[in-house]
Each structure stands twice: as C-alpha cells, then as structure tokens.
Amino acid sequence: MNTAHPALMQKKLINDPHDVVRQSLEGLALSHPHLLDVHYDPHFVRRIDGPIKGKVTLISGSGSGHEPLNTGYVGQGMLDAACPGAIFTSPTPDQYLSALDAVCGDQGALFITKNYAGGVLNIGMAMEMAQEQGYIVESVLVNDDVAIDDPKNRRGMGATVLVEKMAGAAAEEGRPLNAVTAIARQVAAQSRSMGVGLRSGASPLLGHPTFETRPDMIELGVGIHGERGRYEIPLTSADRITEMLLNPILDDLPLQPGDRVLAMVSGLGGTPLQELYIVFRHLHHLLEARGVTVERRLVGDYITSLDMAGCAITILRLTPELIRLWDASVRTPALWW
Amino acid sequence: MNTAHPALMQKKLINDPHDVVRQSLEGLALSHPHLLDVHYDPHFVRRIDGPIKGKVTLISGSGSGHEPLNTGYVGQGMLDAACPGAIFTSPTPDQYLSALDAVCGDQGALFITKNYAGGVLNIGMAMEMAQEQGYIVESVLVNDDVAIDDPKNRRGMGATVLVEKMAGAAAEEGRPLNAVTAIARQVAAQSRSMGVGLRSGASPLLGHPTFETRPDMIELGVGIHGERGRYEIPLTSADRITEMLLNPILDDLPLQPGDRVLAMVSGLGGTPLQELYIVFRHLHHLLEARGVTVERRLVGDYITSLDMAGCAITILRLTPELIRLWDASVRTPALWW
Amino acid sequence: MSQQITLAQLKRWLLRYADRIDQEASYLTELDAAIGDADHGVNMQQGMHKLRQRLLNMGDPNDAGLDVSGFLRMTAMTLISSIGGAAGPLYGSFFLHAARTAPHAATVDVTELADLFRSGLTGVRQRGKARPDDKTMIDALEPAVAALEQAAATGAEIPEAMAAACHAAEQGMLHTIGLEARKGRASYLGPRSIGHQDPGATSAYLLIQTAAEAFSENGVPE
Amino acid sequence: MSQQITLAQLKRWLLRYADRIDQEASYLTELDAAIGDADHGVNMQQGMHKLRQRLLNMGDPNDAGLDVSGFLRMTAMTLISSIGGAAGPLYGSFFLHAARTAPHAATVDVTELADLFRSGLTGVRQRGKARPDDKTMIDALEPAVAALEQAAATGAEIPEAMAAACHAAEQGMLHTIGLEARKGRASYLGPRSIGHQDPGATSAYLLIQTAAEAFSENGVPE
Ligand SMILES: Nc1ncnc2c1ncn2[C@@H]1O[C@H](COP(=O)(O)OP(=O)(O)O)[C@@H](O)[C@H]1O
Ligand SMILES: Nc1ncnc2c1ncn2[C@@H]1O[C@H](COP(=O)(O)OP(=O)(O)O)[C@@H](O)[C@H]1O
Ligand SMILES: [Mg+2]
Ligand SMILES: [Mg+2]
Ligand SMILES: [Mg+2]
Ligand SMILES: [Mg+2]
Numbered sequence: 001m002n003t004a005h006p007a008l009m010q011k012k013l014i015n016d017p018h019d020v021v022r023q024s025l026e027g028l029a030l031s032h033p034h035l036l037d038v039h040y041d042p043h044f045v046r047r048i049d050g051p052i053k054g055k056v057t058l059i060s061g062s063g064s065g066h067e068p069l070n071t072g073y074v075g076q077g078m079l080d081a082a083c084p085g086a087i088f089t090s091p092t093p094d095q096y097l098s099a100l101d102a103v104c105g106d107q108g109a110l111f112i113t114k115n116y117a118g119g120v121l122n123i124g125m126a127m128e129m130a131q132e133q134g135y136i137v138e139s140v141l142v143n144d145d146v147a148i149d150d151p152k153n154r155r156g157m158g159a160t161v162l163v164e165k166m167a168g169a170a171a172e173e174g175r176p177l178n179a180v181t182a183i184a185r186q187v188a189a190q191s192r193s194m195g196v197g198l199r200s201g202a203s204p205l206l207g208h209p210t211f212e213t214r215p216d217m218i219e220l221g222v223g224i225h226g227e228r229g230r231y232e233i234p235l236t237s238a239d240r241i242t243e244m245l246l247n248p249i250l251d252d253l254p255l256q257p258g259d260r261v262l263a264m265v266s267g268l269g270g271t272p273l274q275e276l277y278i279v280f281r282h283l284h285h286l287l288e289a290r291g292v293t294v295e296r297r298l299v300g301d302y303i304t305s306l307d308m309a310g311c312a313i314t315i316l317r318l319t320p321e322l323i324r325l326w327d328a329s330v331r332t333p334a335l336w337w
Numbered sequence: 001m002n003t004a005h006p007a008l009m010q011k012k013l014i015n016d017p018h019d020v021v022r023q024s025l026e027g028l029a030l031s032h033p034h035l036l037d038v039h040y041d042p043h044f045v046r047r048i049d050g051p052i053k054g055k056v057t058l059i060s061g062s063g064s065g066h067e068p069l070n071t072g073y074v075g076q077g078m079l080d081a082a083c084p085g086a087i088f089t090s091p092t093p094d095q096y097l098s099a100l101d102a103v104c105g106d107q108g109a110l111f112i113t114k115n116y117a118g119g120v121l122n123i124g125m126a127m128e129m130a131q132e133q134g135y136i137v138e139s140v141l142v143n144d145d146v147a148i149d150d151p152k153n154r155r156g157m158g159a160t161v162l163v164e165k166m167a168g169a170a171a172e173e174g175r176p177l178n179a180v181t182a183i184a185r186q187v188a189a190q191s192r193s194m195g196v197g198l199r200s201g202a203s204p205l206l207g208h209p210t211f212e213t214r215p216d217m218i219e220l221g222v223g224i225h226g227e228r229g230r231y232e233i234p235l236t237s238a239d240r241i242t243e244m245l246l247n248p249i250l251d252d253l254p255l256q257p258g259d260r261v262l263a264m265v266s267g268l269g270g271t272p273l274q275e276l277y278i279v280f281r282h283l284h285h286l287l288e289a290r291g292v293t294v295e296r297r298l299v300g301d302y303i304t305s306l307d308m309a310g311c312a313i314t315i316l317r318l319t320p321e322l323i324r325l326w327d328a329s330v331r332t333p334a335l336w337w
Numbered sequence: 001m002s003q004q005i006t007l008a009q010l011k012r013w014l015l016r017y018a019d020r021i022d023q024e025a026s027y028l029t030e031l032d033a034a035i036g037d038a039d040h041g042v043n044m045q046q047g048m049h050k051l052r053q054r055l056l057n058m059g060d061p062n063d064a065g066l067d068v069s070g071f072l073r074m075t076a077m078t079l080i081s082s083i084g085g086a087a088g089p090l091y092g093s094f095f096l097h098a099a100r101t102a103p104h105a106a107t108v109d110v111t112e113l114a115d116l117f118r119s120g121l122t123g124v125r126q127r128g129k130a131r132p133d134d135k136t137m138i139d140a141l142e143p144a145v146a147a148l149e150q151a152a153a154t155g156a157e158i159p160e161a162m163a164a165a166c167h168a169a170e171q172g173m174l175h176t177i178g179l180e181a182r183k184g185r186a187s188y189l190g191p192r193s194i195g196h197q198d199p200g201a202t203s204a205y206l207l208i209q210t211a212a213e214a215f216s217e218n219g220v221p222e
Numbered sequence: 001m002s003q004q005i006t007l008a009q010l011k012r013w014l015l016r017y018a019d020r021i022d023q024e025a026s027y028l029t030e031l032d033a034a035i036g037d038a039d040h041g042v043n044m045q046q047g048m049h050k051l052r053q054r055l056l057n058m059g060d061p062n063d064a065g066l067d068v069s070g071f072l073r074m075t076a077m078t079l080i081s082s083i084g085g086a087a088g089p090l091y092g093s094f095f096l097h098a099a100r101t102a103p104h105a106a107t108v109d110v111t112e113l114a115d116l117f118r119s120g121l122t123g124v125r126q127r128g129k130a131r132p133d134d135k136t137m138i139d140a141l142e143p144a145v146a147a148l149e150q151a152a153a154t155g156a157e158i159p160e161a162m163a164a165a166c167h168a169a170e171q172g173m174l175h176t177i178g179l180e181a182r183k184g185r186a187s188y189l190g191p192r193s194i195g196h197q198d199p200g201a202t203s204a205y206l207l208i209q210t211a212a213e214a215f216s217e218n219g220v221p222e
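Protein chains in written order, with our numbering: chain C, 1 to 337; chain L, 1 to 337; chain V, 1 to 222; chain Z, 1 to 222.
Honestly, the hints are just simulated from the structure, not real lab data.
Being a predicted model, the structure only gives us computed values, none of them experimental.
Each residue gets a CB set at the ideal place from its N, CA and C atoms; glycine is no exception.
Some hints here could point you the wrong way.
Restraint ranges, calculated between C-beta atoms of paired labels, are given here [said to hold, decoys possible]: (1) V:S2 - L:R214: 21 to 27 Å; (2) V:Q126 - L:I323: 40 to 46 Å; (3) L:K152 - V:Q4: 43 to 49 Å; (4) Z:I194 - C:Q133: 41 to 47 Å; (5) C:P257 - L:H34: 19 to 25 Å; (6) V:M58 - L:R214: 48 to 54 Å.
Pairs of lysine-lysine residues, derived as DSS-like cross-links and limited to a Cα-Cα distance of at most 30 Å, are as follows [as the list claims (entries may be wrong)]: (7) Z:K183 - Z:K129; (8) V:K129 - V:K50; (9) Z:K50 - Z:K129; (10) C:K11 - L:K11; (11) V:K183 - V:K129; (12) C:K55 - Z:K183; (13) V:K183 - V:K50; (14) Z:K50 - C:K152; (15) L:K152 - V:K50; (16) Z:K50 - Z:K183; (17) L:K53 - V:K129.
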C-alpha cells in the first residue's frame, strides 16, 4: 500500500490479493456453468462441449486483468480454451499444454497470443513442447498497437478479440488449420489500435495505482498492462483525443474512400459506457468524413487493463469474408449472437 | 473542478460537460443502428421497429449515468422506448409523452420507473397528461433497495433490469396490459438489492468526485446516483462485503431451502469484471449453503453509477413463469440472447 | 388603490432568478453533492435557462396576451418540461397551483400575492407529500408564505411584506442544516444528512429573495 | 584438486535466492511499476516459491539421484512452469542451457561454473534476442559472466571469482538506469524508460549475489 498517498490507495473487492485470479475464475465458472468449465493448477478455461471432432482448436492466452479477454471469449464460434496467467503475466507453457490435452480435436490447434516478450516466449516454448508431443500446432501473434513505431515490437491490443472471433468462426465452419491460421493472420495484419489512459489502474498485488498522472495530463499510447503511455499529453476534449488515437492508425493503415471497416472502442475498465459512446460518435464521424464505411462496430469493455480509466480504438479493414465470419453465430460469456 | 485536490480531479472522455448526454446518445445510435433510433429534444431512444400492433408498449425512464440502463435495454423482448434524463436526473413528463406518441401500439403502455422522488413525480405528471390525451397507461415503481428500512422510501436498483426483461418478454408474448403490469409488479415485489461503493464517481458537470472516502473506509448501502451510502464502514474482504450485502436482502426476502433465485452482481461502472466474479463466487456459495438454488445469473455492468467503484447485488425469487420470461429471446444493446 | 405587482415585475423576477441560479449553480450543486446526487444546480440552471429564453422571446407579457394566471402557467409548463428530477415537478407544481389562484388580470396586490404563493406551496406539498422539517424546499417556502400572509393581513406594503418573506425563507433554509432528511434523496443518508443545508431549500430561498428584489423596484425598464 | 561447488551449495544458492526474492519482491514490483507492468516481483516470488517447495521436498539432491546437470534442469522446468511473463522463459532458459553444459557430476569447479553460466546467458540471449545495453537482465548477467570467466582464467578461487561476478552484476544493474529500453515492456516507453533501473537486471543481480554468498560458504549444513 502506498502509505505516502493514502488517498490514492486503491480499494478493491478482493480477498487475499494472491487469490484474485483463482477466485475470479471460480466466479466466472459459476456465472457461466452451461458454457464453460474451469481447470485449476494449471489454470485454463475450456468450452464445456470440447474437444470437437473435425474442428481446428483455438487456444488463446494472456495475463489476467484484461477481462473479459480471453476467458470471456471461450465458447461456440470462438475459443476452445483460454489460459489466464497471473495478473498482467503471460501464462506458462504448461498451461497451454494442459489446455491442449483437454480440448484438442483432430484438426490441430492454433495458439493466439499478443505480441509481448512474455507472450512470445511462453508460446514459443509451448509450441516446441507440443510439437515434441506430436501435436500439430500453429500460432498467430497479434501486434496492432501503433503507439510503437516498429511493427515487430508492437503490442497486441483490441485486434485480439477480432482475431479470436473471426478465426473462431472459420474453425467452426470446419476450415482446416492452414486456412484458420491464414484468417487469423489476415485479421491481425489488417487491424490497428491505439489507446489512451486517463487514470492508472491498480494491480491487487501492488495495492496502489501503478503510476500517478499529473492533474492536467493524460497518457497517450498505453497498452493494457497498466503501464504509462508512450507520451504524456495535456488532457483535452474527447473529440481531440479520438483524433489523436485515430490519426496514427490511419497513418499506418491507409484507408481509401469506399473501404469498409469494423470500428471498436474498448473501455480499459474504469471508464463508463457513456464516455465510450462519446468517443465512438466522433470516431464514426471522422471515418465517414473520409468516405470509409463503418460496417461493423463494437463499443464496450472488451479488452481491459484492470481499472484503468481510458479507452482504445481498433480499426479492422473488412472484406466480405471477414464480415461473414464476424456475423457468424457466437456463444461466449462476452460475445453472444 | 476541485482545485483544492487536483489529484482527485476526475478526468473524463468528454467534450463540453453540457453535451455529455446528447453526444453519448448520438454515439449509442451510431453503435446500434439496426436496433435503435434516437430522438432529440426531448430525448428518447426507441426500438427501430415500433410501434408494434398487438403488443403492450414498455417505456422506462431514468437519469443518465446508469448506462447501459435504460437505453441499452431497448429492443425486441424488452423496452419499446427509454427516456434518458440529464445526468442523475429523472426525465421530464414530456419526454415520456413524446416517446409514447412515437412508440405506443394499440394495447396501452406500461411506464417503469425507479422509486425516487424525481422518478415518481415526473411519472405521475406524465401519467396524468397521457390519460388526458386518451392513452391507456399503467406504471410500476421499482423499490428493491434494502439499504432503506421503509419499503415505501426504497430506491430502485438492479431489479429494474429484471422487471424490464420479464415484463418485456410478457409483452412480446402478446399478454394484455394488466397481465404485463402484474408481471412487472411481481418481479419488483420479489426482488431485493443492496450496493456498496468503494470510490466515488464524478459527474461530468461537477468535475470532481461527489465525495471523498477516508483511506480505509467504504460506503455501504449506496444507490446509483453517486451518493454516499447509508453507512460508512471499514474496508474489508470481498467475502465479508458480500455477506454484508446479502444479509439485509435475506432479512427482507426470507428464502427457503429449495427456493430458486436469479442472482445478479452489477458493477457500478468503475470496478473491473475480475472483482465482480469474486463477489459472485461468494454470493453463490452463501446462497447454495442455505439450500437456495441459483437458477439464473447475471454478472457485469448492468446498472451503473457513472464511474463509481463498487457493486450491487440483486436477488429475485423465481417462479417457473419468471424463468421462462427470463429465458425468452431478447435483442437489445446490453442483453442479447 | 394598494400597490400592485405588474406582469413586467413578475417577468423581471424570473429573469433575475435565472441570473441568480446561474451565479449559484455550482453552490447548489455542491450542496446537493453533500447529501444528494450533485445535480440540483444543473437542473435548475437548465430549467431557468429555458424559461429565460421564453421570457425574452415573449417581449411585453401584456402584448403576448397573458394575464398573471396565464403567465404563471406558462412558467410552470416550461419548468416541468425542462428541469426534471424532483425539483422540476415541484417548482412546476408551485407555479401551476399559483396560476390556478392568480387573477385573470394584469396585476396583483399584496393579498393576492400571498394567496397565490400559499396556493403554490400547497401544490408543492400535495405533489411531494413532504411536511415541514422533512428538510426540503418546504422548509424555506412555508415560513416565507406565512410571513407574507401576516404582512398582508396587517396592511404592509409590498417591499416590507416581501422583505419579511425573504427573511423568513432564509431562516427556514438555515434551519434545514440541523434537520435529518425524511424526504428526497437526502433521506437515504438518514442521520448522515444532518449538518448540511438542503439544496432545494436554498434554491427556494433564492426564489423568494429575487421576488423581494423585483417586486420592490418600481417601473425599472426592462 | 581445485575448490568445488557441491550440489548442496547449489541448493543453498537457490533457497537463498528464494528468500532474497521474498524480501525484495515489492522492491522489484515497484521497479517494474515505473517502467513495466508491476508484476516482476510477484512473478519471481511465485516461481521461487514453487522451486523452494521442490528443493525442500527433495532432501539431499545426491540421494534424489541428481547430478549438477539434472539439478539445473529440474530448476529450469520448475521456473518455466511457474513464473510466466517474460522472466519465466528467460530464467528458465538460463538454467536449461546451463544444464546442457553442466557436467553429469556431483560438483563443479570454477571453470565449469563459468562455462555453465556462459551457456545459461547464451540461452537467455537466444530466447530473448536482447543485446547488451537493451536494458534487460542481460546487462547484469553479461558482465557477471565475463568477470567470472576472467577470474577463472586467472586461477581465482571460487569466493574471489564470485565476488568479482557479483560486483560486475551490480555495476551492470546500475548501468541500466541510464539506458533507454529496447527490449521488453519498458521499450514501449521509449525515452521515458531512461532514469529507471531495470527490474530484470535487478533480479539477475540478486541471483548472482546469492550465488556468491552460497558458493563462498563451505559445508554449512542445510
Ligand atoms: N418530496 C419532496 N417534497 C418537497 N421537496 C422535495 C421533495 N423531494 C425532494 N425535494 C427537494 O428537492 C431537492 C432536490 O432537487 P434535485 O436535486 O433537483 O432533484 P433530485 O433529488 O431528483 O436529484 C431537495 O433538496 C429537496 O429540497
Ligand atoms: N527480450 C528480453 N531479453 C532479456 N530480458 C528481457 C527481455 N524482455 C524482458 N526482459 C527482462 O524481463 C524483465 C521483466 O520481467 P517480468 O516483469 O517478470 O515480465 P513481463 O515483462 O512479461 O511483465 C525486464 O525487466 C527485463 O529485464
Ligand atoms: Mg507482465
Ligand atoms: Mg437527481
Ligand atoms: Mg439532486
Ligand atoms: Mg512485468
């Protein structure tokens, strides 16, 4: 606890900070008994009806604290299993392997992970071990965060949700591993994101906010690990912030008039829906003003950073096939249609 | 702005604070173009396919700042229209009347409102005016908050969502106004709620949190208007807090072994899903330990208080009919199955 | 003939109240933040802003064909449709009931004024079911109306009568500080509401205060 | 025969490291809060807690049938399966590669120790693709291994060699303060990462430091 700043101590609805991930998973299991089954030590969340014959298996992993990502995306039309690590910590290779043992069907598996050192390293080890055991596995790295200049070093953000949905739909259609992997890579390649943080969240294990913002400053270019942004900028209007999030996305993903996109505004956990709509409103105006059609949309808390206040914008350039995969039926705790 | 406590100033994704409600509605409309249509001055949100012949019309109203309530519950199987007031301010009678003019079918209308002075007074005036104009209208007051001893003075909380869902399903089935009203009253009568606030939210118009909590204290028995709770208590574990929320509910709604309930944990806007699951976990244990079956469940941000941190528990005693109405198809921005 | 309050003065009253609400909006909102939901100043501002627009568009109320009753009724309908919350219907009822008692004439004298204020207060009480000492706007309005009635009965002129009403409203407003709320949002706090001045009683005091100012000036041009 | 490090000493090293990590967990996490995601101390604690349990359950490593290589391999697998994040695979690779080079024997001398540390470092570099001055654990490990090698080459005894390694690791750790991160989460901050000590370099320094302590004590019973 930050005893120097008691007013900034973060109060949380938790018991022992060390039990947060496990107890939260227990609550998730009790909240969705007809969709999910949770395995503990090592932790993974699986579709209740897997493994499914004839279907490519999708497994995603990331640290906890991004809920509903990824555990909330397990279910028909999306993931077969999700591996939640400790808070903000990529899961270990044996989580992936145990999940694979539990849910892998006969068509091989695709691992989805965000492009962070931890994600890449652990998936890399998991892939090696899985292959040694005879599994046929592929992986896709999501790296949509344009706050980082070098694409190879870009973090995975909101595109993860879109990759999981569309690859999940392709798998559900019975497409083979190489096709599902290609869809996942296509979605990742056609997506860009950028986030802004207004107030730091707090990890239960830290007990206080990760950082303090100055009274009139905010953090531009944040990821989803509660970290500071790439730049500190003065607090400004939602419209101006929306522009500052969209512009670097468009610099990197040049959209032509007539292009059709999926536009997503995800809250980071501590920002109410009211504000997300205000951001989406201007985002929509800006895109339509360029002749870009907002063909599909997602506004809400879909990939979060504990209780950080702020949001991230994700833009995905759509093709007719991607639209069809997006619209395909999905039944998970967090996406359902 | 609270210049005396700059660190406590609340940063928000907004433009002019006076435009928050309108711009947020514009964003909502753009987010759900196939479900909703928004009317401005006076503000109301309507089902895109209304008015619907042969169906009782459901109209709900409340201040803004509780999103997704109520605008997020407009759509098939739930509300025909929602009237959002200013932030934390019940809508005016002419909002109800304009909505009525726009969506009322041929089976009369039911107004749903939470039991607050403002809600009651404005609905009362709206009913009088509607009746003068020849409409057949009924109303239901939701007063599920056991933090207040006197049931007549109890605030409306999470039961509002349940009333809207179940009365909406009954209306969609083609039940007449008196039957839909009876369902709505039954759900309200069989529901109890209690909330806890860990950190004050901030209204955009105030610019700073409504109140400050002391470092180790939290507010027990809060409503959804950002106000302090009935009692200030020391911060304690999620399990203990869950008990302090559930016990007064059970004192007032004595459940017998074998009873079946819907258990809901709604975040107040600034608390991540991770923590809501931890609360739900213990809530589930406590109920099952009493022999009460948690037959249906809802965990997430369903009725909020801007960006207040905390949550509220709602328990509804179910009957087979209520279960059927709960399970009936619904297609709204915030509930969809 | 006794002193009369003209339509122009009524109009000046409400314009002045609109300005006062603008000045005091954040004060009222902060009062509401302490024991309510931090919107009273904003709500009142919203309504009085609408009313100001109507009053300014209207020009001379006499030319608009309004008598005192019609003028108060227009005020009521504007506030009802633009304030919302608890205060909207309550202030709306004040003016609606006042309009019912008000003469279909271009002016009112002090006795008529006392009558229509009493009637307005009755409207608020019927609508909101609050009683004195419930810590609401009633606690400012009730003593103000009583003082006005008493002054009228003893033949006081308007400035003197309104000064008494204003003083009583202020006392009533301050009296709410010690009360535990039994109506409105502050009642949810129970004993924790004690020690805070009621926002609605405060806006009600400002209503009486601006009336006292507007009714005591004579023939000041708009 | 030159001085030997026994399996018991290796075990004591890692138990000591587990304790040190417990003591420094919040310090490491605060370092990570400044330029990362505030989990490094927690992650390391989680892994070292698991390792401590295994080490304590194992009793005498000789009796468990382990040689140095097997012991290091067991350590690697435990850390890989329990730390997660970036540090898990990296420290895991350190011990895995060290195990590959380590002799199938019950002891190692200083030259062998330098070799297996070098090999471990190579494992970290291959896995993480970071280079010196990228502001990572490499910046503590690289100078430590170099110092150890040099000491071994000049015939130093173990305490002396390890003291040199420890000193070099500390310098390397402090050197990270001035660096701009090019690998790991801190790299997302770009120039804002300058002025902060790297958490992984800090935990790596503690790894060397506890090794220096454990390898310099002789025959202290468990
Ligand atoms: N039943 C009532 N009768 C009279 N006045 C009331 C009643 N309920 C509330 N009030 C007054 O309304 C004021 C609050 O108004 P406002 O903040 O605008 O509405 P809300 O309480 O709906 O947010 C209170 O301070 C109180 O004076
Ligand atoms: N590619 C890399 N090579 C070497 N060390 C790295 C690399 N990436 C990160 N690190 C080290 O890992 C440390 C962070 O570990 P930790 O906080 O446990 O994992 P994470 O960054 O996944 O949260 C950094 O301080 C840095 O020293
Ligand atoms: Mg991490
Ligand atoms: Mg209000
Ligand atoms: Mg109020
Ligand atoms: Mg870290």
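Evaluated hints:
Between S2 of chain V and R214 of chain L the C-beta distance comes to about 58 Å, which lies outside the given range of 21 to 27 Å. As the Cβ distance of Q126 of chain V to I323 of chain L is approximately 42 Å, the hint placing it in 40 to 46 Å holds. Between K152 of chain L and Q4 of chain V the CB atoms are about 45 Å apart, so this pair conforms to the stated range of 43 to 49 Å. For I194 of chain Z and Q133 of chain C, the Cβ-Cβ distance of about 44 Å falls inside the hinted range of 41 to 47 Å, so the restraint holds.
Judged by the Cβ atoms, the range 19 to 25 Å given for P257 of chain C and H34 of chain L holds: they are separated by roughly 24 Å. As the Cβ distance of M58 of chain V to R214 of chain L is approximately 51 Å, the hint placing it in 48 to 54 Å holds. Distance restraint check for K183 of chain Z and K129 of chain Z: the Cα-Cα separation of roughly 8 Å lies within the 30 Å cut-off, and the hinted pair is therefore satisfied. Of the pairs offered as hints, the one joining K129 of chain V and K50 of chain V holds, with about 27 Å between alpha carbons and a cut-off of 30 Å not exceeded.
This hinted pair checks out: K50 of chain Z and K129 of chain Z have alpha carbons roughly 27 Å apart, not beyond 30 Å. Taking the CA atoms of K11 of chain C and K11 of chain L, the gap is near 19 Å; set against the 30 Å cutoff, the hint holds. Of the pairs offered as hints, the one joining K183 of chain V and K129 of chain V holds, with about 8 Å between alpha carbons and a cut-off of 30 Å not exceeded. With a C-alpha separation of about 37 Å, the suggested pairing of K55 of chain C with K183 of chain Z is violated against the 30 Å cut-off.
Distance check on the hinted pair: K183 of chain V and K50 of chain V sit about 27 Å apart at the alpha-carbon level, within 30 Å; holds. At roughly 33 Å between alpha-carbon atoms, K50 of chain Z and K152 of chain C are farther apart than 30 Å, so this suggested pair is violated. In summary, the hint linking K152 of chain L to K50 of chain V is not supported, as the alpha carbons are separated by about 33 Å, beyond the 30 Å threshold. For the hint pairing K50 of chain Z with K183 of chain Z, the CA-to-CA distance comes to about 27 Å; that is within 30 Å, so the pair holds.
Of the pairs offered as hints, the one joining K53 of chain L and K129 of chain V is violated, with about 38 Å between alpha carbons and a cut-off of 30 Å exceeded.
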